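Protein chains: 2
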Amino acid sequence: MQRLKCRVEYDGTAYAGYQVQPNGVTIQAKIENALTQMHKGERVKVIASGRTDAGVHAVGQVIHFDTNLHIPASNWKRALSSMLPSDIRVANAEQVSEDFHARYDAKGKEYRYYVWNSPEANLFRRLYTYHIRKPLDIESMREACRWVEGEHDFTSFCSPRTDLKGSKVRTIRKAAIEQQGTELVFIFKGNGFLYNMVRILVGTILEVGLGDRTPDELKTMLAAGDRKSAGKTAPPHGLFLWNVDY
Amino acid sequence: MQRLKCRVEYDGTAYAGYQVQPNGVTIQAKIENALTQMHKGERVKVIASGRTDAGVHAVGQVIHFDTNLHIPASNWKRALSSMLPSDIRVANAEQVSEDFHARYDAKGKEYRYYVWNSPEANLFRRLYTYHIRKPLDIESMREACRWVEGEHDFTSFCSPRTDLKGSKVRTIRKAAIEQQGTELVFIFKGNGFLYNMVRILVGTILEVGLGDRTPDELKTMLAAGDRKSAGKTAPPHGLFLWNVDY
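Residue numbers (my numbering), protein chains in the order written: chain A, 44 to 289; chain B, 44 to 289.
Worth flagging that the hints you see were computed from the coordinates, not collected in a lab.
Be aware that one or more of the hints could be misleading.
Same chains, same label: a pair holds when it works inside one copy or across any pair of copies.
Capping the alpha-carbon separation at 30 angstroms, the derived lysine-lysine pairs in DSBU-like fashion look like this [said to hold, decoys possible]:
| no. | residue 1 | residue 2 |
| --- | --- | --- |
| 1 | Lys177 | Lys275 |
| 2 | Lys48 | Lys177 |
| 3 | Lys232 | Lys177 |
| 4 | Lys208 | Lys120 |
| 5 | Lys177 | Lys120 |
| 6 | Lys73 | Lys48 |
| 7 | Lys120 | Lys150 |
| 8 | Lys177 | Lys73 |
These numbers come from a predicted model, not from an experiment.
Full structure from sequences and hints, please.
Put into structure tokens, the structure is as follows:
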């Protein structure tokens, strides 16, 4: 038996999210089905660093699973990718110790959120960016980002549909915005993220960029500890799980 | 009655090509249905600069149609776009004289073909680039391009499934390759293109880039006047109708 750790990329457009669920096709199901086929029908359980919602993409999702197949770790990337549909891909595979756990050992994550900021739509980026027609004040949004960095209780930026019972205190090491031509990239690095947290942060910061809120309202929202104090949840298709640190 | 000329963009992924046909959804059908709805059921015929194949994209397709609706030309872009699915978009609309014809008046066209040249796939460009894993010799391919420029009989670069009866002599003003990071962009400008011509040119030039053919074989192929002398037809999803000149 060997344990494998894989970095997985996927285009979330066609899926009902990462995690197996009764309704809709999921990324986890596609990967588990491919592995089950490779193991001649024996069911293989896949553990991921965390779930992603319907429509959310990943370039840095990390999974682990155990296998008794005699395939060298260096060949797994190709072997498993070839069994997956064209919108899911194993980017890297390596053997790890038997006590490695993709979820429990994750020390931090990076998410990126892409915005296409132009009066004109871009058809060919429509599945991977959130289109905002009106001009955005990037300096105001960067000021808002500074309130997000550090250790805070992020209750106001967590969907009430969460099943989390414990603390909502998280540390955000980086909250930044890069401009790449017509695209804005929101970058968030932290030790953990609550349900819908990045999308609510982006939705709220975009309201700052549109002039509907001031940057220091982020401070008030964090203090309120109430989802209603924050802004809208940005749509899923601009969001990428970018990296998981171990 | 006014005649409108529109520049139309589309993601060809979901379509059985531009032109209306019995099997499969087409871009022309989507546009004509939207116009028919706007005209309260009265059928509106749309003329395009030419057809594009299943899976081929456009940023510069040009169409014309006649309308008796009292909508200023400046509002047509938004009005028609709002009736179209998210993968088809009117980028520009203007009133033209009643004798303008999108097909007969076209003086030249530009096509671009995108190649993702890397051992690693890029999921998020998979629908818009042709993935070539092996390294390509760009200088050889540029040398091949030089044989393509000028006036030639392109019979060898035309699908035998064409219904064209007339001359296959065309003038290519520009055949060039730009490198944009991991992507190669093939640019072809000419007074007209035969059926599958750009895809056969790209497929053949890629064989030069892979070292399977020499650049000056392009000269021999042009002289042969036989489709069998040229290389493979590159797949449709890397191809974009970029611009039509009038």
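**Report entry** Structure versus earlier hints, numbers of those that do not hold, lowest first
**Finding:** 4
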